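Trainee: Sequence:
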Amino acid sequence: MTREQKVSTLIQYLKQENQGYASIPDPIDEGEQRRLLRSLMNVRYPGHASAEYEKLQDELLQEEAEEKGIVTCNDIPVIEQEYPCSEIKNSDRISLWRGDITRLGVDAIVNAANSQLLGCFVPCHGCIDNAIHSAAGIQLRNECAEIMTEQGHEEPIGKAKITKGYNLPAKHVIHTVGPIVGLAVTEKQKEQLKDCYLNCLKLAEKSSLKSIAFCCISTGEFHFPNKLAAEIAVDTVDRFLTKTSIERVIFNVFKEQDFNIYKKLFC
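Straight run, no breaks: the sequence shown in the UniProt record's numbering ends on number 267.
With a straight-line Cα cutoff of 16 angstroms, these simulated EDC-like cross-link-like pairs (lysine to aspartate or glutamate) come out:
{"id": "1", "residue 1": "202", "residue 2": "238"}
{"id": "2", "residue 1": "89", "residue 2": "235"}
{"id": "3", "residue 1": "255", "residue 2": "100"}
{"id": "4", "residue 1": "6", "residue 2": "52"}
{"id": "5", "residue 1": "6", "residue 2": "59"}
{"id": "6", "residue 1": "243", "residue 2": "92"}
{"id": "7", "residue 1": "263", "residue 2": "235"}
{"id": "8", "residue 1": "190", "residue 2": "235"}
{"id": "9", "residue 1": "89", "residue 2": "247"}
{"id": "10", "residue 1": "6", "residue 2": "54"}
{"id": "11", "residue 1": "210", "residue 2": "92"}
{"id": "12", "residue 1": "164", "residue 2": "58"}
{"id": "13", "residue 1": "255", "residue 2": "221"}
{"id": "14", "residue 1": "68", "residue 2": "100"}
{"id": "15", "residue 1": "89", "residue 2": "231"}
{"id": "16", "residue 1": "264", "residue 2": "231"}
If you are wondering where the hints come from, they were derived from the structure by calculation, not from laboratory data.
All figures in this text were calculated on a predicted structure; none of them were measured in a lab.
Could you build the full structure based on these sequences and the hints that come with them?
Mentor: Printed below as a string of structure tokens:
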């Protein structure tokens with residue numbers, strides 16, 4: 001089965017789950033077909049899917065992951081090598097990498113989640129929550145739903161939950177909800193962001209993970225100032241690494257603005 005055929009078949013599976021989707025036309029363009037599939041995955045509520053769907057979806061997502069290129073810790077230098085004058089104490093265990101976090105083949109990547117912890121339901125939204133769930137597959141939302149059902153309430157700010165990575169190169173995803181900033185950052189929000197990093201690290205350590213990649217928690221849709229967020233992130237991680245078995249922490253950035261902020265902190 002070609003990739004185009006896989007995408008088309010998966011679209012039909014998802015359309016058959018909801019009668020309201022019957023009127024959605026099937027795009028002719030291959031790119032638009034893939035976009036429709038992602039959209040249908042994004043809006044799908046948690047629930048059982050057939051073994052046939054999951055098998056085909058997993059094949060497609062793993063092929064796409066291989067094509068994007070999987071990046072491991074061995075491919076990313078530590079800041080001790082890139083910024084030898086850095087005052088970071090654990091510069092031999094911290095890295096800075098700019099790129100798509102769904103390419104990282106590490107023990108865990110961190111997802112900046114919302115309080116529902118079910119992923120982003122906005123079709124093809126540009127947030128990291130959407131990107132991670134789209135690359136992992138519908139199983140990730142299903143596992144998150146199980147966690148939330150058992151918990152019985154929304155996820156508090158600053159806590160962390162761990163799931164499998166499914167079709168991501170990363171073995172696990174650690175989900176954390178950062179603070180939402182209004183007109184100005186409060187001291188409480190600074191502590192909440194610090195808690196996000198600390199609790200992700202503690203959970204990684206408890207789960208015997210050796211490598212973890214952080215996104216820029218709360219700096220996107222949640223409007224935490226980028227520079228202050230990076231300062232809190234670096235300070236918190238560097239302090240924690242002095243007393244942990246975690247071997248590598250990667251600060252993953254996507255925007256040039258964040259890349260430059262972290263570089264200045266390391267130089």
